[in-house]
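Trainee: Each chain, letter by letter, is given below.
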Amino acid sequence: MTPAASVTAAPSAAPPRGHRPYAGTGTLVRLALRRDRVMLPVWMLVVGAMVTGGTGALEGLYPTAAERADIAAAMNANSSMRSLVGPVFGDTVGALAAWRFGVFAAVLAASMSLVVVVRHTREEEETGRQEMLSSGMLGRRAPLTAALATALLGNALLGLVVTAALAGQGLAGALALGGAVAGAGAVFAALAAVAAQVTESARLAKGATAGALGAAFVLRAAGDAGEAGGGAAATWLSPLGWTENVRAFGTGGERWWVLAVFAAVTALLVAAAYTLTARRDVGMSFLASRPGPANGRIGGAGGLAWRLQRGSLLGWSVGFLAAGVVFGGMVDGAAELVGDNEQARAIFERMGGQARLTEAFLSAMCGLFGLVAGLYVTGSVLRLHGEESSQRAEPMLAAALGRMRWAAGHLVIAFGGSALILLLAAGGLWLGHGKDGGAVLGACLVQLPAVLAVGGLAVLLYGVSPQAASAAWGVAGLVLALGWIGPALDLPQPVLDLSPFAHLPRLPGTPMDWTPVWVLTVLAAALTAAGLVRLRRRDLAG
Amino acid sequence: MTKAITVSGLHKSFGRTHALDGLDLDVAPGEVHGFLGPNGSGKSTTIRVLLGLLRADAGSVRVLGGDPWHDAVELHRRIAYVPGDVTLWRNLSGGEVIDLFGRLRGGLDPARRAELVERFELDPTKKGRSYSKGNRQKVALVAAFASDADLLILDEPTSGLDPLMEGVFRSCVAGERERGRTVLLSSHILSEVESLCDRVSIIRQGRTVETGTLAELRHLTRTSVTAELAAPPNGLAQLPGVHDLRVQGHRVSLQVDTDKIDAVLRSLTGSGVRSLTSTPPTLEELFLRHYAPAGADEGASR
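In the order they appear, the protein sequences are chains E and U. For the first sequence, this note's numbering assigns the number 905 to the last residue and increments by one with no breaks. For the second sequence, this note's numbering assigns the number 313 to the last residue and increments by one with no breaks.
There may be inaccurate statements among the hints.
In silico DMTMM-like cross-links for lysine to aspartate or glutamate, where the CA-CA straight-line distance does not exceed 20 Å [claimed, not checked]:
#, chain 1, residue 1, chain 2, residue 2
1, U, Lys144, E, Glu757
2, U, Lys144, U, Asp134
3, U, Lys144, E, Glu489
4, U, Lys144, U, Asp173
5, U, Lys137, U, Glu107
6, U, Lys138, E, Glu563
7, U, Lys137, U, Asp96
8, U, Lys144, U, Glu107
9, U, Lys144, E, Glu750
10, U, Lys144, U, Glu132
Cβ-to-Cβ under 10 Å is the rule here; a few derived chain U residues that face chain E [unchecked claim]:
#, residue
11, Asp37
12, His87
13, Asp96
14, Arg140
By construction, these hints were calculated from the structure, which means they are not laboratory data. For every residue, glycine included, the Cβ atom is placed at its ideal position computed from N, Cα and C.
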């Protein structure tokens with residue numbers, strides 16, 4: 364600590380000079396790392412464990428080069444798999460690991476980046492903490508610089524974790540994949556920095572960046588569905604497409620220059636964020652909020668919940684509809700390219716479960732929508748937790764409003780919204796594909812009981828204790844990972860069965876089986892009821 | 012000697028809202044200056060301009076001899092700020108936050124920090140999420156008073172403090188004045204302003220309507236006088252500045268403009284005074300007069 368004497372000794376007669384726009388950045392980085400001391404290591408651990416464990420599984424599954432060449436050829440011929448995970452660029456264990464986990468790790472890195480950057484920029488301004496910080500010796504560029512530095516540091520470490528996990532498979536490929544993952548994270552960190560300047564709320568900044576991440580995934584998926592070499596224009600429009608196009612462990616060698624694309628785009632976005640931040644006041648934004656009505660018509664708990672959640676539901680609806688249209692447009696092309704490979708079929712059946720390829724593709728896409736809807740329902744249910752922990756629930760519940768009715772207002776939107784976005788995804792697929800409307804509708808809606816079960820578990824976790832509520836995100840992420848990258852790992856069936864989605868009939872194609880639908884619906888209702896009972900009996904967080 | 016704060020003709024708009032409309036403010040070094048005004052009159056906007064968080068649209072602003080926008084970083088070495096609503100990081104302890112602000116202000120005095128933590132009865136090991144409103148406020152106050160700033164800018168700093176802690180706060184401000192530091196205190200607690208401030212500025216709708224010592228401001232309002240006289244009063248009604256005169260036999264009650272009180276007293280003693288009570292205007296009256304919306308003074312228009 365600086366002794367007081369050195370402060371008073373500072374010359375105070377001469378007028379001070381200079382902006383020193385970066386003053387205090389180091390202090391803010393230390394603050395950010397201190398605040399994120401749990402979150403960042405957990406993220407590293409999850410990615411590290413996934414890549415290490417997954418690579419081991421791949422090694423055991425395909426021990427010989429011939430087997431690996433077989434599976435690589437099969438996967439490249441299979442457009443459903445290509446659109447979900449991307450093409451394979453080699454027949455080594457490293458190449459399979461890069462194929463299997465590259466894009467997934469990049470999505471995780473991007474999610475981490477957007478959370479970190481928004482948390483240390485817009486959220487600080489929103490809470491008013493930035494004002495108090497900025498009354499200290501803090502340059503105007505320091506908050507943004509510190510947030511970006513923290514996110515880039517996190518991504519660098521994440522890249523190193525990936526590299527370390529794969530170093531045994533060849534250092535060059537491991538470095539390339541680590542760089543590709545960190546690069547995607549860096550691009551989305553910079554994008555989140557821009558969003559944080561433009562929007563007025565942290566929630567909106569995170570939502571907009573997450574929407575861009577979703578769009579990047581859809582673009583890459585659309586590009587890869589039509590082409591096996593990752594060279595489609597749509598793929599090149601997506602930062603996640605660049606990750607695969609680094610071709611870590613690729614047979615023809617890594618494409619190191621793609622890493623420069625990440626760097627260039629990151630630099631451009633960072634420059635844009637700095638320009639924007641210099642043109643606005645602290646706490647203000649470019650998308651300023653308009654004045655609201657002087658007299659309110661919000662009728663009660665349900666009306667308030669709708670008012671709070673409608674924006675996010677609109678975003679999810681547009682996203683699901685658009686993704687449906689894009690995936691629908693890919694269906695016909697997807698069915699043509701698939702070869703006649705036994706192994707491919709085996710994995711493919713595990714993934715889509717259907718011999719007829721169009722149906723399998725539709726089934727895989729509807730399954731993906733279901734998995735992602737699990738994220739929506741989790742976020743929507745956890746609004747309850749947000750309202751409680753920010754003390755906004757307290758005055759509501761102090762009024763003539765029971766906890767059940769208060770919670771019901773949000774749960775109706777969580778569960779009804781899940782049905783709505785799945786309907787819209789079906790509508791989008793039907794629009795894009797142009798036929799099989801009924802089959803697609805059934806395939807999407809059959810996901811709903813599993814989505815509701817995920818939501819029900821979130822209600823239970825929240826009902827048990829506010830501290831446990833965040834674990835619901837872990838559940839949603841695990842379910843997503845099991846459904847997305849689980850099947851190709853040949854995980855034991857009991858593990859795959861942990862996910863409610865594993866029990867659903869794979870529509871279209873297989874006959875409808877109502878048993879899991881009813882079981883999951885009853886389970887969802889039971890979990891929700893149990894959560895609500897617990898909520899009624901426990902103390903509110905104060 | 013350079014002023015601690017000089018603001019003249021300050022304008023700031025947010026879209027169509029004119030938050031500040033030609034505001035003036037002068038704070039001399041070493042004084043405790045009260046900064047008063049109704050809600051939404053522009054106090055916090057002014058403070059944010061003084062801190063270089065907002066850029067002035069027009070007008071000149073000098074803080075400690077520097078430009079608060081261009082020299083923000085260097086000036087902030089010598090400024091400590093306490094907002095009225097302190098938000099802390101959920102997973103950082105109060106002690107961590109105090110030291111963080113110390114680093115951001117160019118150091119704090121560990122001995123004084125320890126003393127203040129004790130005086131404010133703050134537990135610095137608790138995490139941000141478990142502090143009550145008053146305790147969050149104490150964290151910011153300890154950080155500000157323990158720093159070696161020349162200028163303290165306090166924006167309703169005692170909201171949520173209990174009366175005991177309010178007393179500690181007052182003695183801390185008094186101590187700051189003794190050490191020659193300057194304090195700009197925005198507050199709605201009039202007893203606090205009365206006991207602490209050397210001078211006050213009152214603003215309304217983004218403009219300064221009155222500046223001066225409390226004595227000077229009192230001068231501008233009326234004093235109520237009630238007297239029991241030996242003989243009937245004589246000629247009181249003709250004196251300038253006398254209002255609401257009521258005479259009941261030998262009993263007189265009236266209100267008088269404070270700067271005209273001398274003549275009234277002479278007239279009363281001319282009739283022989285048996286008893287006299289004179290009530291100076293309360294601060295509430297003083298401020299209600301200044302806070303009232305424009306046009307209310309004319310009475311008839313409202």
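Trainee: To test your reading of the hints: which numbers does this structure violate?
Mentor: 6 and 11
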